[in-house]
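Visitor: Here's the letter readout for the chains.
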Amino acid sequence: AQSVTQPDIHITVSEGASLELRCNYSYGATPYLFWYVQSPGQGLQLLLKYFSGDTLVQGIKGFEAEFKRSQSSFNLRKPSVHWSDAAEYFCAVAPSGNTGKLIFGQGTTLQVKP
Amino acid sequence: DAGVTQSPTHLIKTRGQQVTLRCSPKSGHDTVSWYQQALGQGPQFIFQYYEEEERQRGNFPDRFSGHQFPNYSSELNVNALLLGDSALYLCASSLAQDGGNTIYFGEGSWLTVV
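As you go down the protein sequences, you meet chains S and A in turn. At position 112 of the first sequence (counting the first as 1) the number is 93 in our numbering, and the numbers step up by one without a gap. Just add 1047 to the spot in the second sequence (first one is 1) and you have our numbering.
It should be emphasised that the hints constitute simulated quantities derived from the structure, not laboratory data. Treat the hints with care, as some may be off.
Restraint-style ranges between C-beta atoms, simulated for each label pair [what the hints assert, rightly or not]:
no.: 1; chain 1: A; residue 1: G1105; chain 2: S; residue 2: T11; range: 20 to 28 Å
no.: 2; chain 1: A; residue 1: R1102; chain 2: S; residue 2: A(-2); range: 41 to 49 Å
no.: 3; chain 1: S; residue 1: A(-2); chain 2: A; residue 2: G1050; range: 43 to 51 Å
no.: 4; chain 1: S; residue 1: K49; chain 2: A; residue 2: Q1088; range: 21 to 29 Å
no.: 5; chain 1: S; residue 1: T36; chain 2: A; residue 2: A1127; range: 28 to 36 Å
no.: 6; chain 1: A; residue 1: Q1088; chain 2: S; residue 2: S51; range: 25 to 33 Å
no.: 7; chain 1: S; residue 1: S51; chain 2: A; residue 2: L1058; range: 40 to 48 Å
no.: 8; chain 1: S; residue 1: G34; chain 2: A; residue 2: Q1103; range: 24 to 32 Å
no.: 9; chain 1: S; residue 1: Q92; chain 2: A; residue 2: G1105; range: 24 to 32 Å
no.: 10; chain 1: A; residue 1: Q1088; chain 2: S; residue 2: L27; range: 14 to 22 Å
no.: 11; chain 1: A; residue 1: Q1103; chain 2: S; residue 2: T(-14); range: 41 to 49 Å
no.: 12; chain 1: S; residue 1: G22; chain 2: A; residue 2: R1110; range: 22 to 30 Å
Think of the CB as a built atom: it goes at the ideal place given N, C-alpha and C, for glycine as much as any other residue.
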């Protein structure tokens, strides 16, 4: 069965420090891959997505993610974190060509220290 | 251009009651998916509607049902509410013609069952 694992439930970084959020997936073929951000009491906002092509994907708010097929990973990175980045981050996968059914990880809560 | 809108934003129901949640997709979108997000968890796919029919369904009991109207808006109905149905219910819309490449989420409806 398809699954997504976000190993880090909670991460704390200092403002200005770099960030990497981990995501591993289990799927037979190369799926579509997504990162979403959710602020408290809000819906989900798409940060970036990977369907095919260049394995380094640029997103909004200065985020990027790298697809590594050999490691079944799609880690999210940001070189310098801002206090406003504090939120819940979700990695999600979908079967290629079928984005209607996203499978989400459990999420990683990011706390930013001043 | 309005995004995905959901109503109501918050509601409280008693065990055994029934609830209806509503979703208007982003303008131009024809596919609506529903997700349940329990506290501290990632969203879980309930079902997807396209052309007024349920196209895909997640692992949810028949107490969860839905409908899509000719204007693409959708309703999620939950019968015989259980305490465990307390969650944030998210609606997502997409366009089938582009393979659902871009998915927009609403801000959700918070359901509390007491």
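Visitor: Each of the hints needs a verdict: does it hold here or not?
Guide: Verification of the hints:
1. A:G1105 to S:T11: 20 to 28 Å: Distance hint for G1105 (chain A), T11 (chain S) holds at roughly 22 Å.
2. A:R1102 to S:A(-2): 41 to 49 Å: At 44 Å between Cβs, range holds.
3. S:A(-2) to A:G1050: 43 to 51 Å: violated, 32 Å
4. S:K49 to A:Q1088: 21 to 29 Å: Taking Cβ atoms as reference, K49 (chain S) and Q1088 (chain A) lie about 26 Å apart, which means the hint holds.
5. S:T36 to A:A1127: 28 to 36 Å: violated, 47 Å
6. A:Q1088 to S:S51: 25 to 33 Å: holds, 29 Å
7. S:S51 to A:L1058: 40 to 48 Å: Distance hint for S51 (chain S), L1058 (chain A) holds at roughly 47 Å.
8. S:G34 to A:Q1103: 24 to 32 Å: Between G34 (chain S) and Q1103 (chain A), where Cβ atoms are some 26 Å apart, the hint holds.
9. S:Q92 to A:G1105: 24 to 32 Å: Since the Cβ atoms of Q92 (chain S) and G1105 (chain A) sit about 31 Å apart, the hinted range of 24 to 32 Å holds.
10. A:Q1088 to S:L27: 14 to 22 Å: holds, 19 Å
11. A:Q1103 to S:T(-14): 41 to 49 Å: Hint violated: Cβ distance 23 Å, outside 41 to 49 Å.
12. S:G22 to A:R1110: 22 to 30 Å: Because 26 Å falls inside the window, the suggested range holds.
When held up to the earlier numbered hints, the structure conflicts with 3, 5 and 11 and fits the remainder.
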